[in-house]
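Chain by chain, the residues:
2 protein chains.
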Amino acid sequence: MKGFKYEDTVNRWGVFEAELMGPDEGNPFTEQSVHGVFNSSEETVECEGFYDGDGIYRIRFMPSFEGMYFFEITSTFTDKKTGSFFVLPARERNHGPVRIKDTWHMVYEDGTPYYSIGTTCYVWIHQPDELIEKTLQTLSKSAFNKIRMCIFPKHYDYNLGEPRSYPYEGTPVDSANITRENFGEYTGKTEGNSWDFERFHTPHFRHLEKCICELEKLGIEADLILMHPYDRWGFSCMGPEDDDRYLKYVTARFSAFHNVWWSLANEYDMMPAKTLDDWERFAGIICDNDPYQHMCSIHNCLRHYDYCRPWITHCSLQRNDLYKSSELVDEWREKYQKPVVMDELGYEGDIQHGWGNLTGEEMLRRFWEAACRGGYPGHGETYLHEKDILWWSHGGELHGESHKRFAFLLEILKQTPGSGLMPYPGIWDEICAVPQETVRREGVKDYYLFYYSFMRPSFREFYFDDDSQWSVRVLDTWNMTIEDRGIFRGKFRIELPARQYMAIQIRKVEG
Amino acid sequence: MKGFKYEDTVNRWGVFEAELMGPDEGNPFTEQSVHGVFNSSEETVECEGFYDGDGIYRIRFMPSFEGMYFFEITSTFTDKKTGSFFVLPARERNHGPVRIKDTWHMVYEDGTPYYSIGTTCYVWIHQPDELIEKTLQTLSKSAFNKIRMCIFPKHYDYNLGEPRSYPYEGTPVDSANITRENFGEYTGKTEGNSWDFERFHTPHFRHLEKCICELEKLGIEADLILMHPYDRWGFSCMGPEDDDRYLKYVTARFSAFHNVWWSLANEYDMMPAKTLDDWERFAGIICDNDPYQHMCSIHNCLRHYDYCRPWITHCSLQRNDLYKSSELVDEWREKYQKPVVMDELGYEGDIQHGWGNLTGEEMLRRFWEAACRGGYPGHGETYLHEKDILWWSHGGELHGESHKRFAFLLEILKQTPGSGLMPYPGIWDEICAVPQETVRREGVKDYYLFYYSFMRPSFREFYFDDDSQWSVRVLDTWNMTIEDRGIFRGKFRIELPARQYMAIQIRKVEG
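Chains as they are written, first to last, in my numbering: chain A, 1 to 511; chain B, 1 to 511.
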């Protein structure tokens, strides 16, 4: 069929894409539309297509089941297209989109528990090819399975350069004279930008989706930050119609990627031009236009959003206190009754800003605290660099110490029976995690993970019951060693090396 | 005069003591009393005497002024005694009792600022002579200028032995079978004690006052803990008449020592037998019987006492949170409008309990945080010891790292213009201390002490005004180095070594 293409097989949770040729005159972004209905014996899904430049329109669909699918595609510019395709089993390592389980935890759609170990590289996709390649190499060797990243470029300390491309047709303000001394004068309201907010610059979005696909290959969720305040180009203060058009375009374009998450904003409360009504309207657009209901949240600076709102799948939190971050996960679990993802625990590094100069030890400590309290930690790194390439924004290479130890944490987390950990209440001088499932049962649990944080006990004493046998392993979370201490019964004592960052894993021996 | 002795000179803020012989039959503690009135051109002071055994009664007085004093001493057992003595200038290093200044700070009565650097050795006075001597040697080499210590012996983990003496005539419960496993069964209500609460065991108190005098020679305030819950002998649950008699005896005996502070209790809220009315009555007895109005407080475990009560001179706080301790000094200064003494910030050590296994680094960090927020830090140490000699209780030797660095802190604090520091409000990623006096002046201050705690900035930038000149010193609070960086003006940048525990001291250059 001339001007209409699609593949007739696709893997479960892969991307089915149909391409239609259509008009490139006028403004295809505002004047044309494409709509699809996808049918199988298991589901019916409707979704929107998008214009990709050069007269090419695309519509994408993510099948959630195996087997035969039929589709009907209608548009403002051509006759109805129908067809079918066959959905094969998921590719190895594709477990489907991340979903909520047991109120506070996450699993992939195929049931595999998802222990989020996140990082932040706000504008890694906006960098030159070589640096992007380096970022992907770094990620491939890491334990990270989620990354926070912006669609719009970033203007901030250490982020004064131009991005590789812009999301709109037009020209940016001249940035030749920006320095660290005057960068604060360049804001989203800066004069001198000239954008057509009705025409997306499609190479920018094609590049972004290439990056999303590269992350997918690495098993990494792409937590897409849709808006943010650190802007000199005016993308943070577009009008409501422009905002809404942008969100519809983004959801039409990216929803079919199983590894996409939506983050309405980084630091929504630093964007005074947007009201609460705006954010709620944005959330409505996303929910209406994302048929797969991907993970969706909004990230705070000083004030939490109301994470109880029904469209929010999980808390995406930045710490509000210089001292306590992960330590408050218990509280927020109770308050919001949702998974608590600590997306900003502070950054390991040595820059001048207090949020960006934690030691590796402290970052790792915050990771374990978050995980053992039944939350999910997020990393970032801000070491001074001769070329101002800081992982937190630009990606590249990691220079810190904490990240080397996340695979060890992840390995231990994956040993949790069930979908995730919960904090055992009422204990004050150690952190005790038990499987979430066991909360419903009174009495002794089958599995305990004790974490000692900055404390340095020389020993600890335990008593669960008189009869059970308990297998005990001592974990050094910094040095990544595991010592099997054997089987114990009744009241027992475990010697420890009086070092920080130790943990004890205790499992009931069956039978 | 037969049976009546006193010295006719004494130093200002020293102890004048008159000794009277009287009856030793019956119960002199309950049946006899001694009362004195001390007069000079500057003050008139009334106070009570006490029975010291063997027919000896004593009355003590601390003159607050130099010059001639006259006295009249009356008693239930002999005729009125009168006389006079001459008060010489204070001995070198005796600056008088500690007083409150500028709401949140402390000065000795002669006006010298008092920067409290406390420690805790609960029952060091109850140990054998050799260990007491070792404690005094350790103190003499330390920066400590306050010590928390109990009049009653202590029963607790690592504190299972008998004290060298008891405060009452009688016999204690047999403790031969106490072990770490069963010590919790021995409480203040334990059967088997046999005490006459109407007869003080005077050698116990003579020994205590000898220890107070030794501390005085070292320039150390004796923060006397009058009651506490960690007891198997029943001293924590005497009846009201016994409690009151005890407090009258203690105040009569010790008030004349200029370096005495009163702490009504350690962990008052762990003593359920005492009501709020009891504590308030106790406070009344102390205020009525201490003519010098020594520093007076009460120490919490889980719940703060109402430190706004008028008899309380200062907050004597134990941290209530595993993570935040000194960091809350700002809040408590505002709440209570009194000096905030962080008497328990946790303990440096390696025992099993979470309150007793901090690193030296963390203890020192808490010290600097407390001091830079305009509070006063307190130390303690709980390292495992082959003979269970832990500084926190027994004194002896220090094994930790933090204490070696307190003299450096004290030296810096003494450089503060005026009586003490206050926290500069509204700064979130550094701790900024300025002299308390400057709070009343708007605008730029003359002196700033910035502390970076666990953060590791590679540099910091400053701007106070265009014209002043600023002398800048970089302090490494752990390695105890001071680097003079020279004089700066306008906007300036100070390089830092990207290590934890750094501080910057900035002083306006006059003229």
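Take the hints with a grain of salt, since some may be wrong.
Which copy? The list can't say, so a pair holds if one copy fits it or any two copies do.
[Claimed, not checked] Here are the computed lysine to any residue pairs in the SDA-like style, where the Cα-Cα straight-line distance is at most 20 Å: (1) K324 to G354; (2) K324 to E362; (3) K491 to E181; (4) K491 to G443.
Think of the hints as simulated: they come from the structure by calculation, not from any bench.
This structure is a prediction, so every number in the text was calculated from the model and none was measured.
Which hints from the list above does the structure break, by number from lowest to highest? Structure breaks no hint.
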